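J.: For reference, the chains in residue letters:
There are 4 protein chains.
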Amino acid sequence: MTAQTPPMGWNSWDCYGAAVTEKEVMRNAEYMAQYLKPYGWEYVVVDIQWSRPDARDHSYAPFADLSMDAYGRLIPAVNRFPGAAGGAGFKPLADAVHALGLKFGIHIMRGMPRAAAHKKLPIEGSEAFCHEAADPHSICVWNPDMYGLRCDSPAAKAYYDSIFRLYASWGVDFIKCDDIAREYPRCRREIELISEACRGCGRDMVLSLSPGPAPLEQAEHLKRYANMWRITDDFWDDWRHLKAMFERAEKWCIHAGPGHWPDADMLPLGALRQCENPAEWTRFLPAEQRTMMTLWCVMRSPLMVGGELTKNDNFTLSLLTNGAVLEIEKESVCAHPLRTTEEESLWVAPRKDGRGCYLALFNLSDRRRKISVSAEELGLPVLGGMELWNKKVLSGSGQISTVLAPHDALLYHLFFC
Amino acid sequence: MTAQTPPMGWNSWDCYGAAVTEKEVMRNAEYMAQYLKPYGWEYVVVDIQWSRPDARDHSYAPFADLSMDAYGRLIPAVNRFPGAAGGAGFKPLADAVHALGLKFGIHIMRGMPRAAAHKKLPIEGSEAFCHEAADPHSICVWNPDMYGLRCDSPAAKAYYDSIFRLYASWGVDFIKCDDIAREYPRCRREIELISEACRGCGRDMVLSLSPGPAPLEQAEHLKRYANMWRITDDFWDDWRHLKAMFERAEKWCIHAGPGHWPDADMLPLGALRQCENPAEWTRFLPAEQRTMMTLWCVMRSPLMVGGELTKNDNFTLSLLTNGAVLEIEKESVCAHPLRTTEEESLWVAPRKDGRGCYLALFNLSDRRRKISVSAEELGLPVLGGMELWNKKVLSGSGQISTVLAPHDALLYHLFFC
Amino acid sequence: MTAQTPPMGWNSWDCYGAAVTEKEVMRNAEYMAQYLKPYGWEYVVVDIQWSRPDARDHSYAPFADLSMDAYGRLIPAVNRFPGAAGGAGFKPLADAVHALGLKFGIHIMRGMPRAAAHKKLPIEGSEAFCHEAADPHSICVWNPDMYGLRCDSPAAKAYYDSIFRLYASWGVDFIKCDDIAREYPRCRREIELISEACRGCGRDMVLSLSPGPAPLEQAEHLKRYANMWRITDDFWDDWRHLKAMFERAEKWCIHAGPGHWPDADMLPLGALRQCENPAEWTRFLPAEQRTMMTLWCVMRSPLMVGGELTKNDNFTLSLLTNGAVLEIEKESVCAHPLRTTEEESLWVAPRKDGRGCYLALFNLSDRRRKISVSAEELGLPVLGGMELWNKKVLSGSGQISTVLAPHDALLYHLFFC
Amino acid sequence: MTAQTPPMGWNSWDCYGAAVTEKEVMRNAEYMAQYLKPYGWEYVVVDIQWSRPDARDHSYAPFADLSMDAYGRLIPAVNRFPGAAGGAGFKPLADAVHALGLKFGIHIMRGMPRAAAHKKLPIEGSEAFCHEAADPHSICVWNPDMYGLRCDSPAAKAYYDSIFRLYASWGVDFIKCDDIAREYPRCRREIELISEACRGCGRDMVLSLSPGPAPLEQAEHLKRYANMWRITDDFWDDWRHLKAMFERAEKWCIHAGPGHWPDADMLPLGALRQCENPAEWTRFLPAEQRTMMTLWCVMRSPLMVGGELTKNDNFTLSLLTNGAVLEIEKESVCAHPLRTTEEESLWVAPRKDGRGCYLALFNLSDRRRKISVSAEELGLPVLGGMELWNKKVLSGSGQISTVLAPHDALLYHLFFC
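Just so you know, the sequences run in chain order G, U, P and X. If you're matching positions, the first sequence starts at 0 in numbering that gives the first Met the number 0 and goes up one per residue. If you're matching positions, the second sequence starts at 0 in numbering that gives the first Met the number 0 and goes up one per residue. If you're matching positions, the third sequence starts at 0 in numbering that gives the first Met the number 0 and goes up one per residue. If you're matching positions, the fourth sequence starts at 0 in numbering that gives the first Met the number 0 and goes up one per residue.
Derived from the structure by calculation, the hints contain no laboratory data. One should not assume that every hint holds.
Repeated chains share a single entry, so a pair holds when one copy, or any two copies, can fit it.
[Claimed, not checked] Computed cross-link-like contacts, DSS-like style, restricted to lysine-lysine with a CA-CA straight-line distance of at most 30 Å:
| # | residue 1 | residue 2 |
| --- | --- | --- |
| 1 | K222 | K369 |
| 2 | K242 | K90 |
| 3 | K351 | K391 |
| 4 | K156 | K390 |
| 5 | K351 | K119 |
| 6 | K90 | K250 |
| 7 | K119 | K22 |
| 8 | K36 | K119 |
| 9 | K222 | K310 |
| 10 | K310 | K250 |
Note that the structure is a prediction, hence the values are computed from the model and not measured.
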């Protein structure tokens, strides 16, 4: 099963925006192989605009000249990805990532380049033409490059099949498909078409849908056709974004399960926005970073680090290599909040194997705060436990009571009688 | 803790509407003591309009003459509850129920009788008068008897304290407070006042709020101030009501926990609507009754039987005395749906003690249907199990696959490696 | 035809709130007879709560003891209206007003006193009882005295007929019915019932509906069943209220016609809020008062002065006695705005007799402003004209161009070639 | 002043859709010159898609190859407009129309051809390029040809100026600008830009905005920047469309005036849909056609005939040549409905010169219906009159009472005492 547990990896957006290069990707892949792989990190994902030669930062440009093949399929901009020269596409880069024991992913937009339709290019492996597949009325509200497809036309299926054939030939393991997850109902059929092309292309690929918020009432459709989907708009290193995630996590937590994961978006940790300023660092306080990691793990969100990995400091690295914390992603089940108010949130997650449960305490207030919970409130036969960030043993009693710094979190593994 | 597990009992509404008598209440209490008590059933609740002498059925009447004391507190209509003669109130009935080893509950409306305010009666234990507490702008949309209170006035607190003092003196264990759970935001403060009067009255009482649907976004307020609250409008023996409950159960399941239980409403089983026609029987098919019991148990809703118990047939009794099924209410935790579509629903609930989990399969379609789920999809190390309605052992394998009749359910206890 | 032109008169609310007395009413009636009657002013209207002995100001009180007869019909509080002693009701006061050559009006609320229903009083001229007519679910959101009626019951018709019979016997000429004009759709039938009782009572009475805003989409229903209806919530001496009236006037102007007049509410001129403070005076600047009078006249709103007339200064009196301006109410037709922006508004109204038209210019801005309009823009064969507030002749030309003070208005009678 | 009275003419859409030819245009122009011009008809308008060589009917096609000049300005398809050969554009056709004593108009879409932007063509008379003016996010929901412009860029102004310069050089007198009138608020600035280009081009052109419904709350903006604007979606020969126009007419009537006319859309009279089937004829009954003409005239909507004029039968021609009816467009003012219900509508409109008024009676019901109105209800000093469709004298009395066939209308000129 694809994505039996939540995918974990790195994505180029938070640090390089639309402008990442082959060299930067490899640098992060090598870091991951060396420092993170033992903890379950494996995907290396190139985000949006890899076909645009003149991308500089996080912005888009109208009427940009995107690199594409004779069939209207986007290919890497060779000035940024030299390995793609000679029509090799991302195969050389994927091979290099695979050689490190990792997996390789790319971003796509739904649809096809507008230029491919206006030029009336042929569709590979088909009698049809691009302008027969493109829907001139289906555009993205935030990016000017693409037309969505007329999903009831055979040409549309032919085009999507043709691009997934290409990605499979490159060795792609992960597709982040954009401009689609919050576009229900109009993109419902397009999601199905892309999902079918992905699953029919002969290579196992994780299908991740962006941007959020995906609509909650489409949970079953998303669970059926995608492996992960964004539950929020872009998440950045801003406490308001993080605090707001608790409400979304509460709504979506019951939909996390093998093969289908609600996605709280990338982890803006360490060195961010490098294309704008190499000195940029996450604005999250250490306590907030702990809160983010704790929530993402306990709700079993996919984990995709957004920072330039090679600039990680010890603290950042420690967040990404706490095996006992990361284990929750694989070993817990049925997580849900015990309660969430403006001031605090408590989450509980049983272990799959019956060996106790996890309890996360979050101080959402701006002041130090005592948070207490009794075994009676939990309704669980708690005997004792271990706090997983600080590795402190919890002396057995019917009451957990602790003081947390503002915006901080603690995470316990509780044992039962 | 009050309501450490979901309350279980009997309520007079489904069979006797507004018109139940002391004799009928006692008959059902005696049946409960004899047949149901060993399985955890304990509350005997007298529903709405017990102060109205001329109640006949499920309807209300404008300007009815309700029995009340000199302080504007409703008291039982003596023609229907002879034990209440001489100002004894419900004490004699409560005593009789307690003598059976059971607990006694009553229905109230928020507010006070309109007549008490128009007569300007004094409030017991206070210098204030009823018309100083009543809010002439706060009425119930479906019942004409009461005025809600001006919750910011000391007189309002005095009135609510006075009625809970009376109920405590009667020996009441359970209050079903009506016209309030779906009345957010205007009744938010009134809920708090009633909750405080209830908790401050010196007797442990379950506080149950009706009618639904309570607003989901008020979950934390409800969890704090009530022990149970209705998540739907009145539930009756109609498949459409039952099918619709799956969506509500999905939204509310994460909020069930010790002391606070989302309430899917009474179980319309067996002999119903007896005041209209003694031959009336639940219109639910046996399969639908099994589905209802399974869903209520797995979501850990309170269980309040609505039928005249003494008319139970063997099948109805068997639903109420399946100990392995009812145990889920006390022993499971963190239940949630695996998936729910128009055709089927699958729910999973770990056991608190780590000894496996429960899996419920529901066929929501109108045709026989094969429902399958693999251990991989569950993400759980399943070894084997037992179906709890039919007591059939599940031969250990990675796949559960079974055919269900329309509207039917199965419920497994799964064991882990 | 009742209300062939827009009714003009005085109403007690703005100066005396709920607390006016017989003496105060007569004082204003006498002033009207002496100073205003020649200009078309004729109605003298006693506003809300004339049956409440302890009314003091503009406020209401829960559970107030209202004066009523044995049939649940409100009668004047004798301490405030001594002439009503001995069951005479308003007849003596009406007679006195009639003797001055004027007409007499009263305020009513839809429905009946709550106390009449709770006391189960009989309905005059009928076998039915008040509690059979009252609807305990139909209350007013801002006043606690009354229940609306169950309009499909014969008892409701009997009750409304009984009160109009009483008013006709008193000699009432004008009914301001409250809690009804903005209560569509739930009060649609109640409006019809009241209108039928009014028209069937044997005496010609203007039927005026309050409060506003009445819904525009009910214009035809209002035109059929009422003579005037409020198009706004209560209007007071606040420039924001006055400026906002232009938008409402624009929407409603096409619905003004013989027998049916959109009502912009009372004119808060002169001495207001006398029950709170005898020194209170309108907060409208003179320019604003001119703007108000001009708009009300050009849109042909009913005119009901709200101030204590006997305290009028010369300026106030001059506004009420400009015959050339007031004549527009009777002689114009089809008024509508030429244009209305945040800064200015221009209205035009042809004369019924073809002798030219009226043109009103309003400076809605907070600065002096030049306002211009050409005959070409008007599309009218303008020859010359007269400004009616200042009695200045407009020298004939194709262009009117003038400078107005902030919030001020000018009003022209234009002559055609 | 442009459009001092409501424009009257012919438009190619109803009969020829997107496919009209030069020959067909001239045939209709010649007919107009001969038969209609004496009654005020003067505009001959070529509707949408005149630059598309392969247009066949009322439909659009994605990625169609539109004729354009080297500056991204659409030019007539030469196969359909042979006179446009050699870059002459519409000048020869405009000249021919002018030679008949008529005026010439064309349809445009807001924005520029998408192909012009993707090809990055230069803008005539400017240093800027088309792709600098085009907004790739601004598309039309029903036609795939164009991009709206980035209205805050100088390039956008340059482009709009360039096309109006071209139209002025051709001799265009009327611009129907499409995809704009109902696109508030996002096209508010685009309307201003187009209006300024139109008024600054050196030639007097009527600016007409489509499609509707334009939002009522933008009335003042529309009055300022356009000469006419659609108040409905496309109007066709369907009684439901016609009946629904009465509500819109009521809302918009006060905004009609010299230079700015709410537009009820084309008159689908006579031979329609000729490109689909030369035998097609209006589905409106004669009574309905009379109702349409009467309403359009009394509300002073622009009049643009949609049928192939040369196929007119006598009845159709009679509707277009009733001078007394058409005179209302020029001689009335301040029209408004007296009342409108599901069954009937009555409109009144004073004459500008004071010589009486017009009264229109409409039977909107499906049965014969007596419609009555008294002079008292009109509030007008009516002496007598003339019915204008049947030329019948109305005998002077205080009451007009007549029986109308279903869906029929009568139109009176009433004289005053």
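J.: Which numbered hints turn out to be false for this structure?
T.: Hint check: 2, 4, 5, 6, 7, 8, 9, 10 fail, others pass.
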